[in-house]
Amino acid sequence: MADIELKGMKELLDKLTELGKKGARIENKALLAAAQPILDAAISNAPVLTGKGKAGLAISRVKTKGDTKNVLIGIEKADMSDIFYMKFIEFGASAHQIRIGNKGKVAGGILKSTKNTPIQHPGTVAQPFLGPAYESKKGEAIEILKSEFRKGLGLWMN
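The sequence shown begins at 3 in the numbering used here and counts up one residue at a time.
In case anyone wonders, no lab produced these hints; they're calculated from the structure. Just so you know, nobody snuck in bad clues.
Calculated pairs, PhoX-like style, for lysine-lysine (alpha carbon to alpha carbon, straight line, at most 25 Å):
hint : residue 1 : residue 2
1    : Lys79     : Lys140
2    : Lys31     : Lys153
3    : Lys23     : Lys71
4    : Lys31     : Lys71
5    : Lys17     : Lys31
6    : Lys65     : Lys153
7    : Lys89     : Lys71
8    : Lys23     : Lys148
9    : Lys89     : Lys79
10   : Lys23     : Lys65
11   : Lys153    : Lys71
12   : Lys24     : Lys12
13   : Lys23     : Lys153
Computed Cβ-Cβ distance ranges for the label pairs, DEER-style:
hint : residue 1 : residue 2 : range
14   : Leu34     : Phe90     : 24 to 32 Å
15   : Asp84     : Thr126    : 13 to 21 Å
16   : Leu21     : Gly68     : 15 to 23 Å
17   : Thr126    : Leu74     : 16 to 24 Å
18   : Gly25     : Gln122    : 50 to 58 Å
19   : Ser62     : Gly94     : 19 to 27 Å
Every residue, glycine too, gets a C-beta built ideally from N, C-alpha and C.
Build out the structure end to end from the sequences listed, making use of the hints.
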């Protein structure tokens, strides 16, 4: 019978664990850096309706779902913040009725009517600024991802 002894396995496993943690930090940093040129282009392309719209566009924190990490650039579909209207600028809106609430006004007082009176909104045509920003900057974003991974893993080459 032959005896085989393996030394250094614990150290190897420790190093792999450390590299995994480092990789997660590098992923997060790379995602945030790659999103920045897309956000900058979206802000530049966005129509100015109020100062809040452009100022409110941002990059979300890194989110993980299963094995996938992502960031959101701009505004979420479910967003009901002060810049919720930016999603209607991006995607447009069909004609619809608006019911006036208890205060007798809607949309910051732009439409005024008697309480509970329906008003027909004509809808709005889409003026995309997020989609075109992504399309114009996705190549740059990919290069930033590659660069950040190389730097983070110590593979940076001139």
